[in-house]
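Undergrad: Here are the chains, one letter per residue:
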Amino acid sequence: MDIDDILREVDPVSHQIPQETRDLQDLTRAWVAERSTPELLPWPSNGLFERINDKIKRQIEKVEEMTGDMDPKTNFALIVIQTELERFKYLVRSFLRTRIAKIDKHLLHYISNDNLRTRMSQIEEAYARRHQLLLHNHYLNSFLGTFPPAMQNLNDTAGNISMIDSPDLDSAVFIRLLRDAEIECHGVDVDGVLTGKEGDIVILRWSDAKGLVEKGDAELV
Amino acid sequence: MALPLPPGLTQNEVAFLAEMEMVTVVPRQRLDSIDLLGGKTPQLRPPHRAQLPLWLALLLKKQRRANIVPPAWMHPASLAEIIHRETKEDPEAFSPPPPPPSRALYSQPGTARRLNPSYLDDFTQTQQDSQQDPNSILSPPFLPSNVAESPAGYLPYHWLEVAEALLTHAGDDMPAPAGEVRSLLRDLVEVRAAKMRSSTSALEGFGDAYLTLRGVGAMELAENRAFLAGLVDGVRKIGASAEATRREEEEEARRGGDYGGDGDEDSDEDMGL
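Going down the list, the protein sequences come from chains C and R. For the first sequence, the working numbering begins at 1 and goes up steadily by one. For the second sequence, the working numbering begins at 1001 and goes up steadily by one.
Take these hints with a grain of salt, some might be off.
[Stated by the list, open to error] Result set (EDC-like, lysine to aspartate or glutamate): computed pairs, CA atoms no more than 20 Å apart in a straight line:
{"hint": "1", "chain 1": "C", "residue 1": "K210", "chain 2": "C", "residue 2": "D26"}
{"hint": "2", "chain 1": "R", "residue 1": "K1040", "chain 2": "C", "residue 2": "E65"}
{"hint": "3", "chain 1": "C", "residue 1": "K89", "chain 2": "R", "residue 2": "E1019"}
{"hint": "4", "chain 1": "C", "residue 1": "K197", "chain 2": "R", "residue 2": "D1090"}
{"hint": "5", "chain 1": "R", "residue 1": "K1237", "chain 2": "C", "residue 2": "D168"}
{"hint": "6", "chain 1": "C", "residue 1": "K210", "chain 2": "C", "residue 2": "D168"}
[Unchecked claim] To spell it out: a stretch of chain R is covered by chain C in this simulated footprint if at least three of its residues, at any positions, have a beta carbon under 8 Å from a beta carbon of chain C; those stretches are:
{"hint": "7", "stretch": "1008-1015"}
{"hint": "8", "stretch": "1137-1149"}
Quick caveat, the hints were computed from the structure, so don't treat them as lab data. These figures come from a predicted structure and were not determined experimentally. The beta carbon of each residue, even a glycine, is placed where N, CA and C say it ideally should be.
Pulled out of the complex, with its shape left as it was, chain C reads as follows:
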């Protein structure tokens, strides 16, 4: 720490949030959102995950270097660093596992639609395709192969009934309003417009909440 750092710390002007802290906030928000919504959300496009993965990798290297040092003072810093590292890894792991669970559940739904496919990262898409391939081949080998060829597809839409299962976008979600906003809500008996104040926590359908969350007026809780 040099004099600039000390000045920055006591300077009331620059209460700017550092990039690291903002990344943690974005990661946390992305994780909570992914855990709460019925459908897969778009992969964060601003390179958030690449950045965090890089940092985790570097931090692990640092821990490996520091473990050789047995000075009790740095030893405690090492414990703190490792604890935090585990917390970050938990967030990342839980986020990815949630996404995989959603992709697994509605595999064809996400691969067959161009729009939805862009929500997956490259690795996720490759995983989804391979998974679907294995599954379909397995079905073909075990029972589907004995069916007439016209009935061996898994994505028939004959008779206005689609074979492709899709998530229920009207499921109830909990959101917190980050700004005052008017929400159009769809209900069974009535449709209503809710004039929400900042900080309100509302239960409503995901299809109604989606626009607000994408605009940044609300977040999932």
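Based on these hints, arrange chain R on the given structure of chain C.
TA: Relative to chain C, chain R alone:
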């Protein structure tokens, strides 16, 4: 490999989130700044107070390297005030969340501005002052609502988890005997649990589009999430056909109106001809 949990945060996950809340500590020994993934920790120099995330504060507390300053809302007087408000003043609603934090402006001495920019603020002014991205609005657990300076008389979003953690691991730092704080908290939990249960009667018509729970806490939400979401979803599924019929009728009525308008225009044209 895929996560087997249903949508919605569980209690454990909420507790994990609550550990990111910032709290104020009084260090008992020096500790240099540590370069963490979430940003550098402040340098600890006794007896200067510092703000740290709860998980780190608890770690320091367990090793007797620091004492935790409990947030102002955890003082017995503040808790008693909240209980009074919840039971006497407004027995229907939850007590309101803490007011949004503000900061004094450097460029305009004497003016205060909210930490979170809202639509009403002039964004250019905001950006000049802090070079902050107008889209990055802070929300719990990243708002400083559990530090020593946070206002008394308001329950922050993660109140139950933070209070529980502080009472368990830092009971000797409490402003009053831990037992007293604990019994006040228990009263509060019970009052609010009853409200949570009766909040579903707001859906009495079984057809409302939304349910507002202003001031509810994260843990209370996590406990009741499955029940509330199940209720709302169940009502929707039972009423799905009635809703579809209603929508069709509304659509028809609207289209009927449009046709009427078109007809008028036609007749006008006819008259012109």
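Undergrad: None of the hints should be skipped; say for each whether it holds.
TA: Going through the hints against the structure:
1. K210(C) - D26(C): 18 Å, holds
2. K1040(R) - E65(C): 19 Å, holds
3. K89(C) - E1019(R): 15 Å, holds
4. K197(C) - D1090(R): Holds - the C-alpha atoms of D1090(R) and K197(C) are around 19 Å apart, at most 20 Å.
5. K1237(R) - D168(C): Holds, at roughly 11 Å.
6. K210(C) - D168(C): With a Cα-Cα distance of about 13 Å, the restraint between K210(C) and D168(C) holds, given a limit of 20 Å.
7. 1008-1015: holds (count 3)
8. 1137-1149: As far as the stretch 1137-1149 of chain R goes, the hint holds, because 5 residues have Cβ atoms under 8 Å from chain C.
Comparing the model with each numbered hint stated earlier shows that all of them hold.
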